[in-house]
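2 protein chains.
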Amino acid sequence: VGELQVPERVPPLLTDLYQFTMAYAYWRAGRHDEHAVFDLFFRDNPFGGGFSLFAGVHDCLLFLRSFRFADEDVEFLRSVMPPDTDPAFFQFLRCLDCSGVTLHSVPEGTVVFARVPLMEVAGPLAVVQLLETSLLCLVNYASLVCTNAARFRLAAGPKRKLLEMGLRRAQGPDGGLTASRYTHIGGFDLTSNVQAGFLFGIPVAGTMAHSYVTSFTSLEEVWPQTLSAVNGEHNPVDIISLTKGWLSRVCDLLGAEPGKIHEGELAAFLSYAIAYPQNFLPVIDSYSVGCSGILNFCAVALVLCELGYRPVGVRLDSGDLCKQSLDVHRVFRLCSEQFSIPAFDSLIIVGTNNISEESLAEVNIGVGTHLVTCTKQPSLGCVYKLVEVRGRPRMKVSEDPEKSTVPGRKAVYRLIDPEGHPFLDVVCLAVESPPEAGLPLSCYPLGCNHTALSVTPARVTCLRQEPLCSTAETRAKVQRSLQTLHPRHKRLQKPDSYTVSLSVQAVLNARVQTNLVLH
Amino acid sequence: VGELQVPERVPPLLTDLYQFTMAYAYWRAGRHDEHAVFDLFFRDNPFGGGFSLFAGVHDCLLFLRSFRFADEDVEFLRSVMPPDTDPAFFQFLRCLDCSGVTLHSVPEGTVVFARVPLMEVAGPLAVVQLLETSLLCLVNYASLVCTNAARFRLAAGPKRKLLEMGLRRAQGPDGGLTASRYTHIGGFDLTSNVQAGFLFGIPVAGTMAHSYVTSFTSLEEVWPQTLSAVNGEHNPVDIISLTKGWLSRVCDLLGAEPGKIHEGELAAFLSYAIAYPQNFLPVIDSYSVGCSGILNFCAVALVLCELGYRPVGVRLDSGDLCKQSLDVHRVFRLCSEQFSIPAFDSLIIVGTNNISEESLAEVNIGVGTHLVTCTKQPSLGCVYKLVEVRGRPRMKVSEDPEKSTVPGRKAVYRLIDPEGHPFLDVVCLAVESPPEAGLPLSCYPLGCNHTALSVTPARVTCLRQEPLCSTAETRAKVQRSLQTLHPRHKRLQKPDSYTVSLSVQAVLNARVQTNLVLH
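Line by line, the protein sequences are chains F and Y. Counting from 1, one number per residue, gives the positions in the first sequence under the numbering used here. Counting from 1001, one number per residue, gives the positions in the second sequence under the numbering used here.
Among the clues, some could well be false.
[As the list claims (entries may be wrong)] With a cut-off of at most 27 angstroms between alpha-carbon atoms, the simulated BS3-like pairs for lysine-lysine come out as follows:
#1 1376(Y) <-> 1490(Y)
#2 376(F) <-> 1494(Y)
#3 376(F) <-> 1244(Y)
#4 494(F) <-> 1490(Y)
It should be emphasised that the hints constitute simulated quantities derived from the structure, not laboratory data.
Between the sequences and the hints, there should be enough to build the whole structure, so can you do that?
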């Protein structure tokens, strides 16, 4: 599993101070080794959608494996905790690790729904408390950006190539790496982030920026000025004069004014084509797409075709991408017909200007800011709630009913209908026997705990299994699970809610607890 | 300077692939060593505000200092670039560093405005091109979150304590560290992030979560059950019976029903108070603030006062913080008067539920999600544009006029009015002599390049200076610069625009370039 070779990134101090103040209070009261269980879940699917993808599990495992305080960590804690803190507590910290902790988790990349317990972390009270912030930090953004990527993939359909290029707008270097990694798992094909390719094996892509184009002023800067045909049969040809010839024919075809064509742009395209004759995909809007960029592109691409190369396409990075891409397609078709160059029919158009989910349907690929920052909802509210201590269920009964928790250790089952679509998740007590295929099951949908529902699954899967598999397997699994999800839950706007329910036992248990809590 | 000891975080592969494909095309054309200059700037102040803070400069310096490709980096690049790439290019990469690069930057934490060139990066064309994405990644989020923090500080006023606690909602571990670091520079006092305290010396704070409270069920779990007075004069007292006495008096005073009080919550508060008698600040809404939390708090706090300790206050984490904090204040006042305990007048209330800029005016401190994710605008669009090559000005003339750049090397001056308020930034050509105090200056406000403005500064400062100073100095400077800024530019909603202008020379130069570009 590739990820497990990534250097450990999460120091045990990367957590909130209150985890330590609580750990000390537990330790002081002699409660630190009491067996405790926390549930991790979120309360709403992001982006107004009907589903989420759970991600970050691998990072959580790595974190747990390496969790141990160094001397310098403990010394720092000593310096920030109150001076009357018992020194023996710091000795206790120095010896902690996660050997007594068990993690049950929904596997990386699983389609999940709000309010389902996704992870159960069990172990000594002080230790599992200390893990809270780090685990939340590792799953919250990973799940959010993975879900965002899956929504872009749904909007784009299965065939178009999607490139993530958000590094410069991410929350710093590591935010950018996390984005590249989990958007790939969520359904993106490529990233511009070279380090992400290096660390995670994600295919990388990229061609040129405007600065490359504007750095050229004249054809004299093109060097070498020759290019050999792809089969190498003939001597290198004078590419400048060849290009001038094609440019003039393109201008005639399109009725363009040669005087408005920018020579520096042509020089930039030519230099790039000489360096990458098989990977020609320039950005064509540094000056004017219609008056210069598209003409220069066609001239150079036609030269490449004449020499047996296959130009790839163009990138558009400003203005109305939808309208421009139609114009550009029209030019490609004209050239293809007029010059009998069928390669021009398969040229691609890449749009990269401020692409959002809504605009994606109109252009081709390349998403930055809206993808990595998750503009529509920049955070996922995963929480970590205590559900059991010393074998006794615990719950929080909040003034805000939505914030109340489901007490006790639980198992989660996904019920599948005869067509293979999952239709209901049921949260049972861990001690209950699992629902069985073909047998009716009574349960209470969350949010309306007083009306029982009877359902008969065609098949039942247990949601929390061994979470380890490779990035490639996870990425494939994401698409497979999204395919089984019924389209009504996948609609990007106003989807039908997927039902998450509690078993009868879980509801009874929660009622008993609520009464205990409220007396 | 503390930051310079932080381990290098930005590997040179953490950039977009197109930087390498462009570098290769430059190298192939023999242009890689041409002297080039890039400007870094953004086009709009974030959050609809009238100003921004520029941050991330230290990280950029660290990045430049350590910029060098290892063998494994170069081997990875070889594996992703086209197979016909000249092998000598990889040898060239292996020897690159930033020794030929100069950075002129607005100092860390400076108040800045849209469209002012904030950094000028000059050096060999291929090298300065390679730096683009990493520099943008380092300044974009740092500046955004620093600006966001400054806005929270403006909304809260200078006196209230502001705690950043967004780690769990940040873009992964390093996103969280960056947030803690730059919100502190922007005006926050404290962070919950222990690693940020460890690495950057930011004061850390935190007390307890709901899970701590809900982990207790009865007073039997309190241990030890005694506490000594702060002066140690008397024997440890039986804190349980002392608390029960105070709780009964508090219930009488407030007309509360003792039957509704949650014993587990009282046990949790007592255990915490025994561990931290000088730092008692519990979260009081795990069950019900009015029926349980506030009563338990008052009882334990009164015990602490009786023993000579000084309780700190309470934390509210759900519901209507504004209304609840008024109710809680009323209870504190009643206790203070009734029991003659003046310490109750200075108890603080900390609000931590989903605090945004707008809600901040009503409660006390503690901001997470909205701060670190910059919900109102989750990215800053800093860009990096080529402005000169081989001593010749370059510009991009876009279809979108807002995307056109100002060509040539420039200096930026800030003009100060007689009251000490900065009132206008002027971008001049680097070769021009600077504006002088008391002398009228003609310039063109950006966005209306055809109407000249004549202004006479009382004082002139040069905006781009040596950028190194410590975090503490930077943090203080932020508040000083914000103080000099006129209130009309500091309004959080609909501020008056600050004028950014071009010198006459810069405009003439841009016109010449535009004509050259457009023929």
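Under the constraints set out in the numbered hints, which ones does this structure not fulfil? 3, 4
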